[in-house]
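Student: Single-letter residue listing:
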Amino acid sequence: MNAPGADKTDTIREPGKRMLNTSADVGAGFAGTGCDPITLELIQGAMMAAVGEMEALIERTAMSPFIREKKDFHAGIYTGDGRLVATSALAGASGGLIEAVLDVFPRDTLREGDIYWYNDCYGSKGVVTHTPDQVFIIPVFSGAEIVAWVEGWAHFNDVGGMRPGSLSSDCTDIYQEGIIIPPVRLAREGVINDDLLRIFYRNSRFPEMIQGDVRALLAAVRLGQKRLKECAGRFRPEILTDAFNRLIDRTAGEARRRFGDVFQPGEYNAVEAVDSDGQGNGPFRLRYRLEVSPGRVLLDTSATDDQSPGPINFLMGPKVAAATLGDYLIAGDRRFMHNSGIADVVDETLLRPGSLLQPHFPAPLGYRGVTLMRHISACLGLVARATGGQSNASHSAYVIYYVRGKADDGSYFLMSDGVGVGYGARPYADGNDAIYLPANENYPCEFVEHVYPMRVLRYEINPDTGGAGRWRGGCGVIREIEVLAPEAMLSVRIDSIVTPPWGVNGGMAALPGGCVINPGMTNERVVPGISDGTMVYRGDIIRIMTGGGGGWGHPYDREAERVLEDVLGGFLTRPRAEADYGVVFTADGRSIDAAATAARRAVRPPTRLFHQGQYQDELE
Amino acid sequence: MSAEVRDLRNAVIGVDTGGTFTDVTLLDLASGQVWNAKTPSTPDDPSRGFADGVAKVLEISGVPASAVARVLHGTTVATNLILENKGPKTGMLVTDGFKFVVEIGRQDVPRGENLHAWVKPRRPIRPQHIWQIRGRIDHKGRELHPLDEAAIRQAADAMVAAGIVAVSIVFLHSYASSVHERRAAEILREVAPEILVTLSSDVMPVFREYERSMTANLNAYVMAAVSTYVARLEDRVRDLGIRSPLMLMKSSGGVTSVRTVRQRPVETALSGPAAGGVGANFVGSSAGETNMIGIDIGGTSADISLIYNGELGLTDHGRIGDWPIGLPMVDIATIGAGGGSIARLSSSGILTVGPESAGAAPGPVCYGRGGIEPTVTDAHLVLGHLPPYLLGGSFRLDLEAATDAIRTRIAQPLGMSVERAAQGILRIADNSMVGALRIVSVERGFDPRDFALVPFGGAGPLHGGSLARAMGMRRILVPPAPGVLSALGLLASNLKAEFARTCVQRSDSPDLAILGEVFRNLESAAIKWLDDEQVPADARTLRRVASLRYQNQGFELSVTWQGDSVDAAAFAATIEDFHVTHERIYSFAQRDTIVEITTIRVDAVGTFPRPRLSELAPAGNIREAVTDTVSMVVDDARVEAPVYNRDLLGAGAEIAGPCLVVQLDSTVLLLPGQVGVVQRLGALLVTDTTV
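Chain order of the listed sequences is A and B. According to our numbering, the first sequence is numbered sequentially starting from 1. According to our numbering, the second sequence is numbered sequentially starting from 621.
Chain A on its own, in the form it takes in the complex (with noise of 0.2 Å):
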């Protein structure tokens, strides 16, 4: 770690002593080795132009509906040493995804026109987190040199395994979780091995969908090495080399230079728990020590928590936890891309062997999400203690649920549902309400009841489950659906029910979600959180309740008139509203009694940094 200040980025500024540029062609590279500020934001353009259009074509053309409706998948383009140059999504930048193939094939043996493929999770050291996610890559030539390598990534609905879907709570170990590909050289200069395809595809459950799958990502990263073989034309690719690294160097300078804003010398520390791990184990807690002094950075992760029998084990890379330090820390500004540079804030992050971020394998990891929601959320928690509260609060993790089964006429079905939850307040805005991830998106009850046998019920705002806070963090969501096959089991992920998200600042935490079956009648059952197995009968109803994002600041001083309009709209019941905010509403509750409330709002209820079921000044 350099010292707060010494901005790498200013290598990029150039003594002018070039001739100039001769052509009035936009892609025309400038003599010499280096590549100048002009070309480089061309570069840039251009890599994240191919990054969009790989991307379109996959959400365009695949078939699982995790890929097409719920858009869990990405493109990323690699510099030809194997750094993460640019991608849209949050993952990737962690390293080591192209050196899981190199480990297998020498780089001298690698030909223009390959294509290579792998979901290996403890072979690719972490790289692959959970094993239905597939990766392809292509290395792209110039000459007999490899420029630049290209990776479109997806999760696929179903690759074999324990169930339906690949996934389940009921998992021991990782070979219940579907088939597992190593690094493969799924084609040779071009021509497919098609070998290998059939073997895939005889071990998923809805085969047609996972071809399809595999064709829309081979196009996507086919196109990649296109425009990669292009871009190589156009600039020269000792140029495009160069303008690789001075990307990933600008990124890196910046996230260095705002880690230097927030973490001063010292100690920081963030603990953080996962309910249970489905088998009847937990909590789970994650304990993440900060170290900060001049010259060096060190985060120790080696206190958490012993790995699960259950599949909520998370097999961290290496630099994944200093990659989320830096994507918050840079926080989508457009100027710099999202590249390996995020993860340069960190020199060194401690995993202990055996424990929940480096199970031993052949643990199993297909739950990994909720793990890695609440090492997001220790991250938020190391910045809040590093700036006394200047940052985002805690928020859920994203739900998902499976209903298995066969339909009246025969044909089994699989649908996963993901369901969006609250996202932490931050110190300018509230936290957004019903959110899954980044580009993930609902399916849309029109069709889930076109395609599936179910109907659903309701789909609304979770209320309450939103932090208070001056800024209030946002709520979950809440969907009930009815059977209508003979039978179906149903599978449910739903953690911080017992721990629920914090707030900071004197915000407040969230309310947790839960699932019920049957709700309000005679037969209610309460399924667990994290279960698998639940059999449903037709005119069930399933009812998944998610949780929400911590509050972020003071709640009395949120303007009463937000507080009324969150109470008008459904996001906030009337009694947690006087409870939590101090307002006081007229007698029908369609307005504020300004007085009253400013008499109740003068005797402020004291508050510490952190809210977890009552005001604290530590994570525990």
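Incorrect hints may have been included.
[To be verified] Simulated coverage check for chain A against chain B, where a stretch passes if three residues somewhere in it have a Cβ under 8 Å from a Cβ of chain B:
| id | region |
| --- | --- |
| 1 | 55 to 61 |
| 2 | 248 to 254 |
| 3 | 437 to 447 |
| 4 | 455 to 463 |
| 5 | 558 to 572 |
I should point out that these hints are in silico values taken from the structure, not numbers from a laboratory. Since this is a predicted model, take the numbers as computed values, not measurements. Ideal Cβ placement from N, Cα and C applies to all residues, glycine included.
Put chain B on the given structure of chain A with help from the hints.
Tutor: Same frame as chain A, now just chain B:
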């Protein structure tokens, strides 16, 4: 003008309201003569600028109001209301349990946005103005629960009490049966006749409830303002003594009567850009081109559209601001790069151009109106791409100030010459535009080299040469009056309406009887519309369109229905056309996979006689058209380049780059290696000998 032409009501007027100026064009259909007028736009009441412009063009042309056959208009009233979130209090009736469909949206943070920093945009309709009504239709149109009519009456009373101006009714699966929506509308009109009503099944009977809701909501949201606006326009037109119909441009590139626009005002959301696309198509086809890419570069943004086989490309996946609109609209890529785009160097050395714009005020540094940050226009001036004056010499540009701004803010910090910095600014701006040009061409499976570039808007012809070269396009067609092409597009547009409905059918077991019935129903609606618009029989065209996808895909492609009837052969031919289209766009087809039809559409067109522009006189000695020279940066050096006055260039005149061609509303830049020939109808066809 001859008297008999006026008596024949042979004049048509196009009025394009832009952010700064209102452009008005009058065309004499008999002679092909065109008059242009420009007046300042009046955003507080755009109908004033409209009337001023029409009065002005009547005055300069000497055409009496009684000779006007029709007035065509492109408007931004709906667009601005949506983008600025300034609509009135609007309500919604929804299926019980689904009050939050628009609030939840697709539960996503848009791709490319940051999970932590993105802020969900505020919806045009607040949740407290949404009423839930019991009653349920399933996806096949069958009633599961009857409509709760008492609840609708209560909601109507509550809406009146809340001061709701307009309401949209969106019930689940209303594309399959609109019975409940229609009944609810009846009750609303009975209880609260003053409230404007939009039915989702009228506006967009297509599945996916969020997109349908948003389209219906935006329709309701702009309804009052658009109705008031068109009523004012009709008054203004009448006050000017014009007795002929007023028609408005829709997002799909056709015009329609005021009557239709009142019911479906959201269809005008892309009115302005659509007119530009139609104008590009008209000018191009007049010069014999069938495949064109139009790029309209103004002060703040660039709009790009594609024309293939003489038809303007449409999409069902358009957006206005943050919101999806699932109606067919011109497939336009818009980027924040134009003549006023500001070039800025960040503290860490990153040079960006746009999206911030100096706009009309303060404008570029060289305008001398207080702008201090260099813009794309300043870079052009420094490089000699603009003469030091505009608008026929009436407006001087401050070269020294532009040079200073680029030197101190860009060139010196980067350690480069002013010229190189200026070239860099233009290359970055061009690069953004090239990205957008690729979206409408390469990403849609078209090879741009098979297309001619039609640059227009004030700044289009300055960038056309370098953009075409970067795209490998050999031909550039500069319209006669690039700055007012949208107004010309209005004059060249036809009546058009689209009627779509979701009707899911699979290629392995299609129910052709149902498909045929839905097509017939859509055609009946289309014919009724043509009747209402009084389109004569010989001017009518109907076209069937189907949206298809491979089973399990989530994104449809639209292809023309292959045949005159709905039978097995036409179905198979349509499926085959889908395979071919999929392969063209995505590089692969899957003939082993089941294909699904999701939505079918009938497009109705009422064709107006095609306008004929007057021909230019043959060119004389082109030296006489040279009015000046500029010092232009070309190939590492400054050269003296001629400046031609476009008004003095006759048909057949041939000019070679480097040179400038100046005219009142634009400046054309020809690069070395580009040769321009003036066409009979006034367009300048530039051929690039280096491509």
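Student: Hint by hint, note whether the structure agrees.
Tutor: Each hint, compared with the structure:
1. 55 to 61: Three-residue rule met by the region 55 to 61 of chain A, so holds; n is 6.
2. 248 to 254: Holds: 3 residues of the region 248 to 254 of chain A have a Cβ under 8 Å from chain B.
3. 437 to 447: holds (count 10)
4. 455 to 463: It holds: at least three residues are needed, and the region 455 to 463 of chain A offers 7 whose Cβ sits within less than 8 Å of chain B.
5. 558 to 572: It holds, with 5 qualifying residues against the three required.
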